[in-house]
Every structure is written in C-alpha cells, then in structure tokens.
Amino acid sequence: MNKILSNKKAIAVFVLPTVILFTLILFVPVIQMIGYSFTDYNALSKPSFCGLKNYRTMMKDDVLLTALKNSIFFLLFSAVTQQIIGILLAVLLTNIKKGRNTFKNIIYLPCVLSSAALGLLWAFMFNPRMGINQFLAVFGIKGPLWLMDTKGFIILPMWVIAFVALWQYVGQNMMLYMAQITGISQDLYEAAYVDGASRGQAFRYITLPLIKPMLVITLSLNCIGSLKFFDLVYNMTQGGPNNRTQVLATWLYFQGFQYFKYGYSSAIAVLLLIMCLAVTFLIKKGIHVETYEA
Amino acid sequence: MAEITEIGAVRQKKVRISTVIIYLVLVLLAIIYIIPLLWVLEVSLKTNAEVFQSPFAFPKVLQLGNYIFAWTTGKLGKAMLNSLVVCTVTLAISLFFGAMTAFAIGRMKWRMANATMAYIMIGMMIPVHCVLIPLFVRFSRIGLTNSLPGLILPYLTFSLPQIVFLMTGFFKSLPRELFEAACIDGCGIYRMFFTIALPLSRTGLYVAGMMTFIGNWNELLLAMVFISDPTRKTLPVTLTYFVGPYATNYVQMFAAIVIAVLPSILVYCAFSNQIVGGLTAGAVKG
Numbered sequence: 525m526n527k528i529l530s531n532k533k534a535i536a537v538f539v540l541p542t543v544i545l546f547t548l549i550l551f552v553p554v555i556q557m558i559g560y561s562f563t564d565y566n567a568l569s570k571p572s573f574c575g576l577k578n579y580r581t582m583m584k585d586d587v588l589l590t591a592l593k594n595s596i597f598f599l600l601f602s603a604v605t606q607q608i609i610g611i612l613l614a615v616l617l618t619n620i621k622k623g624r625n626t627f628k629n630i631i632y633l634p635c636v637l638s639s640a641a642l643g644l645l646w647a648f649m650f651n652p653r654m655g656i657n658q659f660l661a662v663f664g665i666k667g668p669l670w671l672m673d674t675k676g677f678i679i680l681p682m683w684v685i686a687f688v689a690l691w692q693y694v695g696q697n698m699m700l701y702m703a704q705i706t707g708i709s710q711d712l713y714e715a716a717y718v719d720g721a722s723r724g725q726a727f728r729y730i731t732l733p734l735i736k737p738m739l740v741i742t743l744s745l746n747c748i749g750s751l752k753f754f755d756l757v758y759n760m761t762q763g764g765p766n767n768r769t770q771v772l773a774t775w776l777y778f779q780g781f782q783y784f785k786y787g788y789s790s791a792i793a794v795l796l797l798i799m800c801l802a803v804t805f806l807i808k809k810g811i812h813v814e815t816y817e818a
Numbered sequence: 062m063a064e065i066t067e068i069g070a071v072r073q074k075k076v077r078i079s080t081v082i083i084y085l086v087l088v089l090l091a092i093i094y095i096i097p098l099l100w101v102l103e104v105s106l107k108t109n110a111e112v113f114q115s116p117f118a119f120p121k122v123l124q125l126g127n128y129i130f131a132w133t134t135g136k137l138g139k140a141m142l143n144s145l146v147v148c149t150v151t152l153a154i155s156l157f158f159g160a161m162t163a164f165a166i167g168r169m170k171w172r173m174a175n176a177t178m179a180y181i182m183i184g185m186m187i188p189v190h191c192v193l194i195p196l197f198v199r200f201s202r203i204g205l206t207n208s209l210p211g212l213i214l215p216y217l218t219f220s221l222p223q224i225v226f227l228m229t230g231f232f233k234s235l236p237r238e239l240f241e242a243a244c245i246d247g248c249g250i251y252r253m254f255f256t257i258a259l260p261l262s263r264t265g266l267y268v269a270g271m272m273t274f275i276g277n278w279n280e281l282l283l284a285m286v287f288i289s290d291p292t293r294k295t296l297p298v299t300l301t302y303f304v305g306p307y308a309t310n311y312v313q314m315f316a317a318i319v320i321a322v323l324p325s326i327l328v329y330c331a332f333s334n335q336i337v338g339g340l341t342a343g344a345v346k347g
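Those protein sequences? They're chains S and A, same order as listed. According to the working numbering, the stretch in the first sequence is residues 525 to 818, in order. According to the working numbering, the stretch in the second sequence is residues 62 to 347, in order.
Treat the hints as calculated values from the structure; they're not laboratory data. Please note that a few of the clues may not be correct.
Only pairs whose alpha carbons sit at most 30 Å apart, straight line, appear in this in silico DSS-like list of lysine-lysine [said to hold, decoys possible]:
1) A:K233 x S:K532
2) S:K532 x A:K170
3) S:K808 x A:K170
4) S:K809 x S:K752
5) S:K675 x S:K584
6) A:K139 x S:K752
Listed next, the stretches of chain A that the computed footprint assigns to chain S, with coverage defined by at least 3 CB atoms under 8 Å from CB atoms of chain S [stated by the list, open to error]:
7) 155-167
8) 178-190
9) 211-220
10) 327-337
Chain S regions said to be covered by chain A (calculated; three or more residues, Cβ under 8 Å) [as the list claims (entries may be wrong)]:
11) 532-540
12) 586-600
13) 627-637
14) 680-692
Remember, it's a predicted structure, so these values are computed and weren't measured experimentally. Yeah, the Cβ is synthetic: ideal placement off N, Cα and C, and Gly gets one too.
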C-alpha cells in the first residue's frame with residue numbers, strides 16, 4: 525500500500541503539470557512585475573533601471589491618490605454593508621419556509637451574471653435621461669447626474685457604483701451565512717425560549733457567536749473582491765468624470781494598456797498586491813474564532 | 062404548563078406580524094433585483110424614439126430587428142462561441158490537472174506534499190492584475206496574444222488553486238479502506254486514480270467545475286488585454302466594446318445586453334438550486 529502511494533514517478537506525473545504552469549504563468553510573472561516596477565519601461569523601450577522613481581511618481585500622482593482613496597472606500601463600504609445586509613437577509617430567509625428558495629435564488633442571481641453586462645445595464649439605469657431619472661420625472665423630481673456629479677469627498681458616482689456592487693454580490697454573503705445558520709441546532713433556540721429569551725436575545729447570544737467562523741471567509745471574499753474591483757467601474761464610468769472614479773485596478777489598466785507605461789503600471793500592481801496580502805493577513809490574525817460545541 | 066402555552070400563544074401572534082414584515086421586505090428586494098432585468102428586456106424591444114417619448118408603455122411593435130442588429134453587427138454570436146471554446150477547454154484541462162495534483166497531495170505519501178499545497182495556495186491571494194504586464198510582454202513575443210490558447214493558459218493557472226484546494230479535501234475524505242482493498246487486488250496507482258478516486262468525487266468535480274466555468278465565462282480584464290482581434294474576443298469584451306458610453310443607438314445596445322446575460326439566466330433558472338448549493342459548498346470549503 526505505502527509503496528504504491530509513495531511512487532515517485534506517479535507523484536511527478538500528477539503534480540508537475542500544475543506546478544510548472546503555476547511557476548511559468550504566475551510566479552515568474554509576479555517576480556518580473558516587481559522587477560519592472562523599478563524600471564523605466566514602455567511599449568517601445570527596453571526596461572532600464574530607475575530605482576524608486578515610479579514609487580516617487582506615485583506619491584505625486586493625484587489620480588493615483590484618488591484611486592487609492594476610492595479603493596479604500598470600496599473596501600470599507602463593501603465590508604460593512606455586505607456583512608450587515610448579508611447577515612440580515614440570511615436571518616430573514618431562515619425564518620420563513622414558504623418561498624425561501626425562490627427569494628434566495630433571485631437575490632443570488634446577479635452573482636453568477638457577468639459584471640461587465642450588469643455594469644452596462646446599471647450605467648443605463650443611472651443615465652441622466654433614462655431609467656431612474658425618467659421614473660423620478662413622473663413625480664416631478666429632477667434626478668441628479670448620477671454618474672457625472674463631482675461634489676464631495678467621496679463623489680456621488682462612487683456611491684452609485686458601490687451600491688451596484690452591493691446589489692450584485694450581497695447574495696454571496698447571504699448564501700454563506702444561510703448555510704451556517706441552518707447548521708445551528710434548533711434545540712439551542714428552544715432551550716433559550718423556554719428560559720424566556722426574546723428573539724433579539726436569541727439572535728445576539730446564539731446566532732451571532734455561532735456564525736462567527738463564517739466571518740473570516742466572507743470578509744476575505746468581500747475585501748479581496750473589492751480591491752480587485754475592475755469590471756463595474758470600467759463599464760459604468762471608465763474612471764470618469766475627469767478620472768475621479770478611478771480605482772487602483774482601473775488606473776493600473778489605463779497606465780499599462782492605454783498609456784503603455786509598463787513600469788509605472790507595475791508599481792501600482794505592487795501596491796495592489798501588498799494591499800491584498802495585508803488585508804488577508806489582518807483578517808486571518810485579527811479575528812479569533814472560538815469553536816463551540818453544538 | 063399553562064404559563065408556557067400562554068407564552069407560546071403570544072409568541073405565535075408576534076411571529077405572524079413579523080412574518081408579514083419579512084415577506085414585505087423580501088418582496089421589495091425581489092422587485093429591486095428583477096426590475097432592472099425586465100427594464101432592459103422591455104427597452105430592447107422598443108424604438109429609440111419610444112424610449113424617450115413613452116418610457117413606461119410597452120412597445121407598440123416588438124422591434125426584433127434590434128436583436129438581429131446586435132447579433133450580426135455586434136458579432137455577439139462569434140463572441141459567444143469564443144467564450145464557449147475558451148471556457149470549456151479551460152474547464153476540462155484545469156479539472157484534470159487539478160484533480161491529479163489534489164490526489165497526489167491528499168492521498169499519496171511524500172515529503173513535499175504540504176509545501177506544494179502552500180505554494181499553490183499562495184496563488185489564491187495574488188490578483189490577476191499583478192501578472193498582466195509581464196505575461197502580455199512575454200506572450201506578444203512568442204505570438205500568443207490574440208489567440209485563444211493565450212487566454213486559456215492564464216485562465217487555467219488562475220482556476221487551479223481553488224480546484225486543487227476543493228479536490229484535496231474531497232480525496233482526503235474518501236475512506237482509506239477502499240484504496241487498501243484496491244491495492245490488495247493489485248490495482249496500480251494510475252488505475253486507482255481513474256477508476257476509484259475520480260468517480261467517487263464527482264460532487265467535488267461538479268462544484269469545482271461550476272465555479273471555474275462561471276468565473277471564466279464572466280472574466281473581462283485578461284480577455285480585454287490579451288485579445289484585440291475582434292473575431293477572437295470573448296463575450297464580456299465584445300459587449301463592452303459594442304456598448305460604448307457615447308453611442309446613441311440605445312435599443313440595440315440593450316438587445317446586446319439581453320443576448321449576453323440571457324444564456325446565463327436560462328441555465329440558472331433551470332438548475333438554480335444545484336448551482337447555488339454547489340457554489341456555496343465551494344466557497345465554504347475554499
């Protein structure tokens with residue numbers, strides 16, 4: 525048995541295709557990307573070492589600072605709203621029997637659809653002359669220029685895109701929390717109710733602690749997802765008006781593939797990578813999961 | 062005892078009111094989720110003039126021409142075919158490679174198993190944005206840009222971590238006795254993998270495959286960077302280029318959006334419970 529299971533040749537056959545692909549398509553490029561970030565490099569020239577120049581440019585690049593601000597806004601907004609609304613929806617849905625599956629499937633639907641298509645759809649929905657503004661006009665309200673307004677610290681279009689992202693992805697948190705809640709033994713609630721606990725107390729002292737293990741998974745998914753956020757922004761505003769809705773991912777794309785500044789674009793990618801790793805690390809270390817005997 | 066039934070009765074009444082509120086909230090939400098989709102469908106069947114003159118009336122004549130225009134001029138048919146080819150090939154190869162690696166890590170005995178797993182898991186944390194430029198430079202040198210294999214390679218690589226992770230869990234959960242029995246009967250390692258491990262982990266393959274397919278079907282960034290030839294673009298990219306923010310032939314663009322999401326919606330409606338269940342299982346384990 526053990527002899528067959530430690531057959532070196534078979535292990536190599538099984539593992540090498542994946543490992544080779546991984547090394548060639550993922551790891552070598554990531555190392556190269558880090559290397560490029562220290563060079564002056566565009567589509568026409570060969571990369572030439574320039575030290576920290578790209579990183580210094582980053583600190584003076586107003587658009588990059590806006591993009592960083594917007595990305596952090598997305599991160600915080602989606603972490604908070606998707607967690608709260610996701611848990612609320614899960615609790616609501618697990619409290620009903622009739623139509624539970626129907627509502628669940630409707631709310632989950634956008635998660636499997638192309639965010640490129642949904643981004644275009646919502647861009648029309650928030651078009652100054654169509655969709656929501658046509659609807660508001662019926663009541664005599666003149667709707668704002670949803671995707672073109674530029675007032676405020678976080679401008680209106682960012683809130684609109686954040687709302688669409690919430691609309692699209694909140695189903696995922698809902699589903700995962702529902703799976704966790706249906707796993708909680710009904711006896712716990714019955715015991716609590718016999719002891720005179722209210723529904724609110726039952727939620728606070730039974731449901732919340734027992735769904736905490738899921739928090740690590742959902743929070744990581746939300747945070748990494750919002751940092752990588754590209755499709756919706758690109759298809760709703762293309763970073764406009766006047767680059768005010770750029771996020772790190774779109775600015776990286778524009779720098780790399782519209783202005784062909786490979787070096788600078790790589791430096792932005794390094795920033796994005798560091799943020800992703802830091803967020804993952806913080807979530808893993810920051811949330812202590814106690815296990816309860818159910 | 063009487064007290065308990067009394068409390069029970071009070072609670073039941075409360076439950077009824079709260080149930081009504083729950084349903085109200087859910088119906089409202091369902092409307093927010095469905096209205097945009099219905100709106101696109103409705104506009105896609107109108108003329109441009111109707112969109113602005115009578116935004117809430119149903120179209121007088123169904124403008125099916127919008128769809129024909131989007132399908133032919135927008136090249137959506139070709140794009141859908143490209144997407145199908147790319148996603149299917151990626152699915153098949155990544156499931157095969159992923160399952161093999163997972164079997165070696167989860168069931169076989171070798172010193173580097175954990176290290177290999179950790180190496181592959183790092184891939185889960187690296188966003189695809191980080192490899193765009195080096196890969197694009199390399200691929201354009203060896204002529205892999207503008208070709209479907211050039212797109213399949215990175216899709217494959219970025220799909221593997223999740224598949225390996227899921228399948229390792231599945232293989233580990235299979236009973237040891239099965240493999241021992243097979244071994245006593247003189248079964249070799251390759252036959253063990255193909256005739257015992259693979260068929261027994263169909264559920265895992267199904268879950269992993271679905272996550273891979275849906276993820277790649279909707280992928281935009283890599284496809285946009287790597288493919289510039291209009292006849293080789295995938296569905297999300299073709300749609301993004303066809304539906305420009307400054308164009309004004311609204312109705313045709315709406316038809317294009319409908320064409321792009323309709324297949325996904327139809328498949329989802331037919332298999333929603335399996336899809337939702339599978340994706341949840343995948344995320345919980347992954």
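Verification of the hints:
1. Taking the CA atoms of K233 (chain A) and K532 (chain S), the gap is near 19 Å; set against the 30 Å cutoff, the hint holds.
2. Taking the CA atoms of K532 (chain S) and K170 (chain A), the gap is near 9 Å; set against the 30 Å cutoff, the hint holds.
3. Taking the CA atoms of K808 (chain S) and K170 (chain A), the gap is about 29 Å. The hint holds against a cut of 30 Å.
4. Between K809 (chain S) and K752 (chain S) the alpha-carbon distance is near 21 Å, which keeps this suggested pair within the 30 Å criterion.
5. For a cut-off of 30 Å, the pair hint linking K675 (chain S) to K584 (chain S) stands: about 22 Å separates their Cα positions.
6. Annotation: proposed proximity of K139 (chain A) to K752 (chain S) holds, straight-line Cα distance about 28 Å (limit 30 Å).
7. Against chain S, the region 155-167 of chain A contributes 7 residues with a C-beta closer than 8 Å to a partner C-beta. That satisfies the three-residue criterion, and the hint holds.
8. By the rule of at least three residues with a Cβ nearer than 8 Å to a Cβ of chain S, the coverage given for the region 178-190 of chain A holds, with 8 such residues.
9. A stretch counts as covered by a chain when three or more of its residues have a beta carbon under 8 Å from one of that chain; for the region 211-220 of chain A and chain S the count is 5, and the coverage holds.
10. Remark: the region 327-337 of chain A is confirmed as covered by chain S, as 5 of its residues place a Cβ nearer than 8 Å to a Cβ of that chain, reaching the required three.
11. Using a Cβ-Cβ cut-off of 8 Å, 6 residues of the region 532-540 of chain S lie near chain A, which meets the minimum of three, so the contact claim holds.
12. Residues of the region 586-600 of chain S with a Cβ under 8 Å from some Cβ of chain A number 0, which does not satisfy the need for three, so the listed coverage is violated.
13. Check on the region 627-637 of chain S: 11 of its residues sit with their Cβ under 8 Å from a Cβ of chain A, so the three-residue criterion for coverage holds.
14. With 1 residues having a beta carbon nearer than 8 Å to a beta carbon of chain A, the region 680-692 of chain S misses the requirement of three or more and the stated coverage is violated.
The structure shown violates the earlier hints numbered 12 and 14.
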